[in-house]
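Chemist: Below are the chains, spelled out letter by letter.
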Amino acid sequence: MSESTTKLVATPGQTIGPFYGFALPYEKDSQLVHRAHTGSIRLHGVVTDGNGSPIPDSMLEIWQADERGEISRETGSLVRDDHTFTGFGRVAVDNVGHYTFTTVNPGATEQGKAPFISMVVFARGLLNRLFTRIYLPEDTEALANDPLLSSLPEERRKTLIAEREPNGDLRFDIRLQGEGETVFLTYPGI
Amino acid sequence: MSDATAQDEAFDGETFDDSHVLDPAATADSQETINQEITDIHEAYRKGVEAGEAQERQPRIDFAPYRSSLLRHPTKDLHHADPETIELWSPAFGERDVHILESDLTIQHNGEPLGERIVVQGRVLDGDGRPVRNQLVEIWQANAAGRYVHKRDQHPAPIDPNFTGVGRCITGPNGEYKFTTIKPAPYPWKNHHNAWRPAHIHFSLFGTDFTQRMITQMYFPGDPLFPLDPIYQAITDQDARDRLVATYDHSVTSHEWNTGYRWDIVLSGSNRTWMEEGEEH
Ligand SMILES: [Fe+2]
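Line order of the protein sequences matches chains A and B. Going by the numbering used here, the residue at position 162 of the first sequence is 162; the numbering climbs one at a time, nothing skipped. Going by the numbering used here, the residue at position 138 of the second sequence is 138; the numbering climbs one at a time, nothing skipped.
Incorrect hints may appear among the rest.
[As the list claims (entries may be wrong)] Mimicking DSS-like on lysine-lysine, the simulated pairs with C-alpha atoms at most 27 angstroms apart in a straight line are:
1. 7/A - 178/B
2. 76/B - 28/A
3. 151/B - 183/B
4. 113/A - 158/A
5. 76/B - 158/A
6. 47/B - 76/B
Just so you know, these hints were derived from the structure itself, not from any lab. Remember, it's a predicted structure, so these values are computed and weren't measured experimentally.
Sequences are here, hints too, so could you generate the full structure?
Modeler: So, in structure tokens, the structure goes:
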């Protein structure tokens, strides 16, 4: 095992700014699967600020395993063929801060682990991107054993667990600041 | 505030309901006020470093001189997480996603765009110096007059019918990327009275791990607007700020065609177990 010794200092991030709309969104960007795909669900919610007002200029990305917990190595996220599951999606929220992805429920990537979707949040006014996790609500035992969730007090923990709607859709709101502020994550090496 | 500005804002407010001019945090503060706030924060930071506090490497997310950040930053500390399986991988992009010509922003229309033709090139590396190969790099920018092709950009500078300002490429085996484009101009914005952004190109990057995902801005050397810009100055540390400034490189300049800039990008460390150079597990 060759451990590299060159530690480089990371380049700073900056805000996405207001004018990404003509550059980053692309056709079917938020459709990880076609709506007609068996088992497809809608993952949706709103992004709000410290006043509880919707943020209309935020962009979200998700990255997730497929229904069996497999991590896709397929290219083609930018040019969807409606068949290949790449695991990646991007969405610019609408004028009232609402977003919608069409995707599937991710399976657990390891036996007994609580399945979650990784999410990154960008917005005008947000000087650096924020990471979070969207946990599926069903496997309560796995959720109780999850190392991240267990390290959080109850009222913060619940900000990471999506709500299952009666029709099977997932609801996950992102609150950048204030009451019910979403837990945002940092990782080793950041 | 002049009448003309007030009218512009009213117009924007009616027509573009999600325009940044409606942000309740937007103010008519003077540049001097903003400068003083920046100076105070930087001064406190310098004293902290002298007293032994760690150097900062990333922008503050709570940086009041950038007024829009006031209600849009979490007030609780980021929570430490050990990355799990999905977070140790990134989406894969390739030739299927990006056409080779998308890295040349000067050939997307019938005519030549106006302005100074430049090449910007460099490498994408991870925190251990490993090249980030076969990964997506996206850029977007204003044109040579400081105008974006965006319905909400109301800056009264001309749109160039031959320039969109969007580029993409996939990094090479050594993490290299290269874009041919036009040097963007500074542009005004509404953070405070007479606010101008230094010329910049927006960059969007992926690493080998999704936790390395980042968006940033590349600046040009010697821009007189640097000290006045609360977005750039939200990075309190001079060494860290310098990392966003490209270097003029005459070896990237080509005879009678373009001037050249070099800019390397370092992502945060990968948390995967890497066995040998280029082999991932
Ligand atoms: Fe910009």
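Chemist: Against the 27 angstroms threshold, does the CA-CA distance of residue 151/B and residue 183/B hold or violate the hint?
Modeler: Holds - the C-alpha atoms of residue 183/B and residue 151/B are around 21 angstroms apart, at most 27 angstroms.
Chemist: Given the hinted pair residue 76/B and residue 158/A, is their Cα-Cα distance within 27 angstroms?
Modeler: 15 angstroms, holds
Chemist: Does the structure keep residue 76/B and residue 28/A at a Cα separation of 27 angstroms or less?
Modeler: Not satisfied, since the Cα-Cα distance of roughly 34 angstroms exceeds 27 angstroms.
Chemist: Are residue 7/A and residue 178/B close enough, with their CA atoms no more than 27 angstroms apart?
Modeler: 24 angstroms, holds
Chemist: Under the criterion that the straight-line Cα-Cα distance not exceed 27 angstroms, is the pair residue 113/A, residue 158/A satisfied?
Modeler: Since the Cα atoms of residue 113/A and residue 158/A sit roughly 17 angstroms apart, the hinted pair holds (cutoff 27 angstroms).
Chemist: Next pair to validate is residue 47/B with residue 76/B; report whether the Cα-Cα distance is within 27 angstroms.
Modeler: 24 angstroms, holds
The structure fails to meet hint 2 from the earlier list, while all remaining hints are met.
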